Each structure stands twice: as structure tokens, then as C-alpha cells.
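**Student:** Modelling step: build the complete structure from the supplied sequences, incorporating the hints.
Chains as they are written, first to last, in my numbering: chain F, 9 to 512; chain W, 1291 to 1670.
Calculated from the structure, these hints are not laboratory results. Note that the structure is a prediction, hence the values are computed from the model and not measured. Fair warning: there could be bad hints in the mix.
Result set (SDA-like, lysine to any residue): computed pairs, CA atoms no more than 20 Å apart in a straight line [stated by the list, open to error]: (1) K1522(W) <-> D46(F); (2) K1616(W) <-> D48(F); (3) K375(F) <-> K1514(W); (4) K1515(W) <-> S364(F); (5) K460(F) <-> E485(F); (6) K314(F) <-> Q331(F).
Pairwise CB distance ranges, derived in the manner of DEER restraints [said to hold, decoys possible]: (7) D1485(W) <-> N443(F): 53 to 63 Å; (8) G1556(W) <-> N443(F): 34 to 44 Å; (9) K210(F) <-> S1552(W): 56 to 66 Å; (10) E1554(W) <-> D50(F): 43 to 53 Å; (11) K1403(W) <-> G467(F): 25 to 35 Å; (12) F1577(W) <-> Q77(F): 41 to 51 Å; (13) E1554(W) <-> G332(F): 40 to 50 Å; (14) F21(F) <-> S1589(W): 44 to 54 Å; (15) P1342(W) <-> N443(F): 43 to 53 Å; (16) E1404(W) <-> D50(F): 49 to 59 Å; (17) G30(F) <-> K1302(W): 16 to 26 Å; (18) L128(F) <-> E1554(W): 48 to 58 Å; (19) E337(F) <-> P1342(W): 42 to 52 Å.
Glycine included, each C-beta is placed from N, C-alpha and C at the ideal position.
Chain by chain, the residues:
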Amino acid sequence: MNKLLLRQIKKAFGDENKVPRGLSSFFQIVSDAYDGFDQDRDLAARSFDLSSQELLEANQKIRAESERQKAILEALRAATAVLQPIESTNEWLTSKDEAIYLASSLKKLIEEQKQHERELQESKTRTEQEKAKAEAILQSIGDGVFAVDLNYKIMLMNSVAEQLSGFSFIETQGKYYKDIFQFVQEKNPESPYPLFVEEVIKTGMVKKLANHTLLVKRDQTKLPISDSAAPIKDDKGNIFGAIVVVRDASREREIERVKDEFILIAAHQLRTPLGSMRWIIEMLLSYKDTSPKAREKIELINKSNKRMIILVNDLLNVSRIDQGKVQNEPTITDVCEIIKAAALEMDAEAQKRKVSIDLRLDVNIPKIMIDPKRFADVIQNLLSNAVKYNVVGGKAVIVGMLVANYIRISVADDGIGIPKEDQERVFSKFYRAANAAHSDTTGSGLGLFVVKSYVEEWGGSVRFQSVEGKGSTFYLELPVNLKNANNSYFHVPTENPPQATFPS
Amino acid sequence: MKTEQRKFTKEKGWEIISDNNLKDIAQLVFVFGDTSLLKDPKNFNEVKSFYPNAHILSGSTAGEIIGAQVLDNSMVVTAVNFTNTPLQFAQTKIAKMEDSLLVGEALANALPKEGLVHVMVLSDGLHVNGTSLVKGLTGKLPKEVAVTGGLVGDQARFKETVVGLDGVPAQDIIAVVGFYGTHIKVGYGSMGGWDPFGPERLVTKSKANVLYELDGQSALELYKKYLGDQAKDLPASGLLFPLNLRLEGRKTGLVRTILSVSDEEGSMTFAGDIPEGSYVRLMKANFERLVDGAAGAASMSHEAFGSSSPELAILISCVGRKLVLKQRVEEEVESVQDKLGQTATMTGFYSYGEICPVTPAEKQCELHNQTMTITTFSES
Chain F
9 MNKLLLRQIK KAFGDENKVP RGLSSFFQIV SDAYDGFDQD RDLAARSFDL
59 SSQELLEANQ KIRAESERQK AILEALRAAT AVLQPIESTN EWLTSKDEAI
109 YLASSLKKLI EEQKQHEREL QESKTRTEQE KAKAEAILQS IGDGVFAVDL
159 NYKIMLMNSV AEQLSGFSFI ETQGKYYKDI FQFVQEKNPE SPYPLFVEEV
209 IKTGMVKKLA NHTLLVKRDQ TKLPISDSAA PIKDDKGNIF GAIVVVRDAS
259 REREIERVKD EFILIAAHQL RTPLGSMRWI IEMLLSYKDT SPKAREKIEL
309 INKSNKRMII LVNDLLNVSR IDQGKVQNEP TITDVCEIIK AAALEMDAEA
359 QKRKVSIDLR LDVNIPKIMI DPKRFADVIQ NLLSNAVKYN VVGGKAVIVG
409 MLVANYIRIS VADDGIGIPK EDQERVFSKF YRAANAAHSD TTGSGLGLFV
459 VKSYVEEWGG SVRFQSVEGK GSTFYLELPV NLKNANNSYF HVPTENPPQA
509 TFPS
Chain W
1291 MKTEQRKFTK EKGWEIISDN NLKDIAQLVF VFGDTSLLKD PKNFNEVKSF
1341 YPNAHILSGS TAGEIIGAQV LDNSMVVTAV NFTNTPLQFA QTKIAKMEDS
1391 LLVGEALANA LPKEGLVHVM VLSDGLHVNG TSLVKGLTGK LPKEVAVTGG
1441 LVGDQARFKE TVVGLDGVPA QDIIAVVGFY GTHIKVGYGS MGGWDPFGPE
1491 RLVTKSKANV LYELDGQSAL ELYKKYLGDQ AKDLPASGLL FPLNLRLEGR
1541 KTGLVRTILS VSDEEGSMTF AGDIPEGSYV RLMKANFERL VDGAAGAASM
1591 SHEAFGSSSP ELAILISCVG RKLVLKQRVE EEVESVQDKL GQTATMTGFY
1641 SYGEICPVTP AEKQCELHNQ TMTITTFSES
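**Tutor:** The structure is reproduced here in C-alpha cells:
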């Protein structure tokens, strides 16, 4: 009970126990109100004190600042008073003393001037020495280096860059860098090359370019290179240009090519015998008089054979992606139909694991221009993971939504999840998370790599959220007008205008 | 337009307040209530059985308003039958706060634009950046269409807010209603009633709606200093000192209210953006001005109607006002009723943010905090 109220009750009733029955709940409400008022008053008083104190401090600061300004003003006034006579006519030359004073002042001024000139000369020499040193370092670098100013005009370039481009520095100085260094993408030489130097100057961030870049030399021959660019800043941190390092990557690229070719040939060569084995296994399984024991063994061979076929196919896919040889045949596609078909295909496997597949697709998702086979690969990969790594009795939920001009598809499961330390690498080739490798599920570690490569090629993105032991959700975002769709914009209008709702 | 109301309390169950036989003909039902009551599917099904043909829009609250009464831990239900006004609905779920702008745009895109007069929005109160949501909505709606509504609440707990459209309310949902045609008249008004005090402070470190430093010093420490003993009740007690935000080059200030604090990061999250380089002042409550503010908002919302009276008023008032007014909270609702007249059916809730144009003349709406925001309706 509030102390003030208690005192008032004592005054009125003599004792708090003498309060008439039925009034005590009323007094409780009044007591709460009293407490509230007290709290408000304390807070108001406190904020008044603190705020006065703050204003007082601010006031003192302003006063101190104004004193300082006054002192500076005084000093300035004194200084201009000394100078004023020199500016005016010679009326002031009234006495000999003043003439002597003037002469000595002039002498002092001249001496000071000389001192300044000496210092300037010294600093000039120092700057030149520094410049020569920087020049020597630049020339001795094994990679091609050139720098551009804020207008993307070439400021300097070393001899390796001269060799790589086929132009001499004298010819290129002050020219737009793109007229000298023509970069193109190996896979797609016709499409415009990313404006990475421009981006470096705009963002101030160091930028390294993806592999598969070619430099078109003066004689129009093409040289595989790797390159990176960094901003040049003055001592105040202002960007005044960018430096670009270009490295001849023909040897690295050759090694990479040979490796890819080897994988492609090896995988191709493996496919034929695996196919024959499959045929023979199926034949063996069809014999009625095989003993149960032998049949069991043949089933084992059958399973391993299937796994190897999947692995070899995945390898071929990856190798095609690496070499930029994936076929792209976009047609007008109903992505919802493909998702439904993938779910149907997965149904048997899901029932085996008692996993239920739940589809929630927004009716507003339009048809888009996309390669249906490759889109199906992406969905099958994600859905098969959601089923394979799920718990018995778990759920795999696919949600499709139209968000602005993106189609967002999420695939969620209640499965084993991806451990935190593995999350960074799940999209890498041949990588399987530790808990996936230990589970009884087989996989090549290539599925998510394929998904990411395809989706990014279409100008989309893929990301995920996952908690180990709880499950994972993969989010796919595809622009309604895809990149590489051979058609800059394709949006099939729905027959009716979109109705207002997508209620759950 | 016809309306009828009922309410549910744990002590007395359902009580009918007014009855106009709207069971089968109500098109829109507003349900405002306590988070745990709204989340119970039994309660949703019950409301659905009262109005089987209506769209049901529900939101959790920091206090329910029905008539001139303010309740806690209850559900208030207002059913509306429009004679000549078509409605359209859309809802979506937000995955992360950064999507607020996109989600606002998607919702606006989902509403047909022909004949659209007004849009009302109810949004999750904790996981949405209200400023971005409003920007998204208004960016994709025709200029002459105004948006009003609010971020729903959860007492002074700031734990779980829920919204529902034709379903059991859940977290992260944002729902909109579009009103169409030439017969509906909509008015709106929004006013605060808080006074800035103390020095003006420069925002030196912030990111969207997260504030770190004022004048190079921790903003959280400043609040703790001012709150004294009541600092232990943060974030709720932070509502006693909202911020008056002045953007460089703008005369009118916006009020920003606190949603959560993080001791580890020394940061405070507000219901709307606090850009670096803007100026803020602490504000304090003034009882008379709060109540006058509510009456002022009512007068603004009345302007559109001329001499006639509105038939329905949705009141969305900030949880901060309720915390300050305490037992006097009903005074502000009564002052609204006085201005609108007894014919207006009133309902609404205490919120974590209000959405309304700054003045009735302009349609460009903003996220407000610490205000009473009123949307009034009538049909000709």
C-alpha cells in the first residue's frame, strides 16, 4: 500500500484494519494510481535535473569556444595592424627609425622567402627520388600493371603490361583503358564484360575477377589472363584512381583444361562398361532359377552399379559446367508444373522414408523462359536432399511465391541439418557435410554445386538457413526475366488480372 | 453501412454489445485481442462461426479499444456490412526484416488498382521495418490512395505479435484490405502530444532503425541515466522518452519509439529509421496534451465528412501513451468519442507503430510513433 495513502487511511479511520469491507479493492486501485503519480513525479524531476545539467555544460562549452574565437580574432587584428602600413602609400615614412625598421623587415622577409625556396627544392628532389624508386619497383614486377585516373584514362603502365597488350606506354598514356585492354569472357565473348575497374573506383573495394577471362591483344590474338584491381587513395583516403594487375594465365588455364578433359574422357569411357554391366545385371535378375543367396549378391552389385552411374553422370554435368558446355534450350515453361512433377517422381522414395511432401504454390507465378530440363535438375536435387536427409515421419515443404519480379522457391525439411562449420562449403564440388557423410544416404557431393551453377547462370541466387539436428531450408530466387533466355523480357500475361489474395 | 460488436473476457466469456443481424451479411470483421487468446484456434473458429461469410482481420494488441472502453487480456470483435463498397484482401509472410520494402511492394501489387480508394494495413509489430514497409506500399499504390493502419502489439512485453487474415493469427504476417468504389468516405488523422526537452543531439552512429550513438556517446547509456531505477524495465520504460527526429532540411519532426535494446551491442532498435546525421531530442509526456492530441486526431479525421458523422472509427494508439496515461488511459478514447459523436462505432487497439498521412490534405503516408491515429468510415 502506498505510504501516503496509508497515512490518510489512518487519519480517517484510525487504523487500516478498520477500513470498511469492500473498500479495500478500491483502495488498492487508488494506491496503484498514487504509486504511478510518485513514479512520474520522480522521473520528471530527474529528467529536469539531468537536462538542466546538460544544458549548463553545453552553455559552458559555447562560452569557452566563444572566448577562444575572441582570442584568435584579437591575434588576427594585431597581425593585420603590422601589415597595414606596407600596403598603404609612403606617407608613413616620417622618420629615420621607421625607414630602418622597414629595411630590416624587408631583409627578414627575403631571408624567409629564400628558406622556403630551399625547403621546396629539397622536397622536390625527395619526391623525384621516391618516384624513381616506385618506377623501378613497378617495372620489376613480373605481372602486367597499369593504373587509371578517375576518368578511366591510363596514367601509367609497366613493361610486362606493354608486352601483354602489345601497346607501348607512350601510345596509351591518357587513353581510355578499354581501348587498350579489351577484356572478354572466355565462355561468352560477345556479352559485355563486367565493369570491374569502374566498380573499384565507385566502391573503393579490391576486386578480383572470376577465371575464364581473355585479353584481346593488339594483333587480335586472345590471351587467357587472371586479373584484379584495387583503388588508389591519397593520404586522406580519397580515391583518385585504380591499379589493375594482369597476369598471363595461359599455363594455368592449359592445366585446368587438360584436367577437365581428362575427367570428361574418363567419365565417358566409364559410362559404356557401366551400361553393359547394368544390362547384364538386369538379365541375371530376370533368371528364375537363381538361388536366393546369389540373388542377394546380384542385388548388391545392382545397387553399387546404380550409384556409380549417378556419380558418373554428376561428374559429366560438373565437367560440362566447368567447360561452359552446358546446353541451354529455354522455352516457355510452367515452373509450377515441373515442381509438381518432381514431387510426384520423389513420392515413392518419400513414402519409403515416411516423409510427406507438401506443395504450396502461389497462383500468381507466371510462366517463364527457362530450360525445363535444367530447371527440373535443380528442383530434383533440392527435393531429393530434403527427402533423403529427412527424419522418419518428417516433412518436406516446397513454397513458391511471386515477390516483386522474382519467383522465390523454398524447400524446407526437418532433417539432420548442416553443421555450422560445414555451411560455408556446401556449394563446393565434391563436398559433403560431416553428418551427411556419416548417414546411410549416398551422395556425390555434386548436387548443390550443380544447383548453384545453374541458378547463378540464370541471374538468380540460392541461399539457405540450417540448424544442425533441426533441418534446412533452401531459398531459390529466379528473376521473372532470366539472363541467357535469348529474350530480354518474357512475361506471359495471365488471362485474368491478378486476384487480390494468396491466403494461406 | 451497418456494424455490430461483441467482446470476450476470461471472466465473463462472450458478451454482445450491439446486434444488427449481421451474421450472414457481414463482409469484414475486425478482431483485436491479446496474443495468447488470438493464437488459440478455438477462438478463431468461434469468431468464424459468428460470421461464416466474412473476411476476418485480426491483430494482437497492447490493449483493446471498444466503444470508449480500454480493456486488457480480452478480444473485441467488430463486424461490418457495407452496402455499396467492394473489398479486396492480400496478405504475406515476411522472412527477414530487410525484406520489408519488397513485401510492401508485393502487397500493393496484389491489390487491383481500379476504383481503389483506401488501404488499411495490419503488420507484425516486431519483425518488420515499418518505415520500409510504408515506403514499399505507397511506392506501388496510385498517388491518390492513402494508407492507414499500424504495427500490432503485445502488451508491454515486446515478445510475440500476431496478425491473421482469414486464419489463426501468427507471427511475421502482414495483411492489407483495399476499399473500392465511389460510395465509401474515409477520413484520417494522427496526433501526438509529446513535448521535446533538453539539448538537440546529433545521430553519430546508426544503421537503419538501430541507434548506437548520439553526439559520439552511447545512446543506451543516456537512456539508462535518464530512467534511473526504471532502466531495469527497458525496453518498455524507454517509451517514456520517445525521440523527436528532425531530418536535415525538414521542418516537421517525426516521433520514434523504442522496440528493443541490446546490452551486448549497446544498441537500441526503434520502430522506424533513425538516419545518421539527423538530429534528435528526448520527449516527455504531458497529460493534457496527450488527451488533447487524441481529440485533435479525431477532429482531423472528421474533416472529410463535413457536417455528417462517421459511422465507424478505427483507433490505433501507441503503447507508450497507455504506459504514461495508466489509469487515465480511457480519457483519450472518451475525448475521441466526444469529437466523433455517439453514432460512430469505435474499436481499435494500442500498437507498436501507427501508419497515416501527416495531414488529411496529403496522401503520402508515414510511419508514426506515440500518436493516436484514427481512420473513420461512412457510406453514402
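**Student:** Evaluate each hint against the coordinates.
**Tutor:** Taking the hints in turn, this is what the structure says about them:
no.: 1; hint: K1522(W) <-> D46(F); verdict: holds, 17 Å
no.: 2; hint: K1616(W) <-> D48(F); verdict: holds, 11 Å
no.: 3; hint: K375(F) <-> K1514(W); verdict: violated, 56 Å
no.: 4; hint: K1515(W) <-> S364(F); verdict: violated, 55 Å
no.: 5; hint: K460(F) <-> E485(F); verdict: holds, 11 Å
no.: 6; hint: K314(F) <-> Q331(F); verdict: violated, 26 Å
no.: 7; hint: D1485(W) <-> N443(F): 53 to 63 Å; verdict: holds, 59 Å
no.: 8; hint: G1556(W) <-> N443(F): 34 to 44 Å; verdict: holds, 37 Å
no.: 9; hint: K210(F) <-> S1552(W): 56 to 66 Å; verdict: violated, 33 Å
no.: 10; hint: E1554(W) <-> D50(F): 43 to 53 Å; verdict: violated, 29 Å
no.: 11; hint: K1403(W) <-> G467(F): 25 to 35 Å; verdict: holds, 29 Å
no.: 12; hint: F1577(W) <-> Q77(F): 41 to 51 Å; verdict: holds, 44 Å
no.: 13; hint: E1554(W) <-> G332(F): 40 to 50 Å; verdict: holds, 47 Å
no.: 14; hint: F21(F) <-> S1589(W): 44 to 54 Å; verdict: holds, 46 Å
no.: 15; hint: P1342(W) <-> N443(F): 43 to 53 Å; verdict: holds, 49 Å
no.: 16; hint: E1404(W) <-> D50(F): 49 to 59 Å; verdict: holds, 57 Å
no.: 17; hint: G30(F) <-> K1302(W): 16 to 26 Å; verdict: holds, 21 Å
no.: 18; hint: L128(F) <-> E1554(W): 48 to 58 Å; verdict: holds, 54 Å
no.: 19; hint: E337(F) <-> P1342(W): 42 to 52 Å; verdict: holds, 51 Å
The structure is inconsistent with the numbered hints 3, 4, 6, 9 and 10, although it conforms to all the rest.
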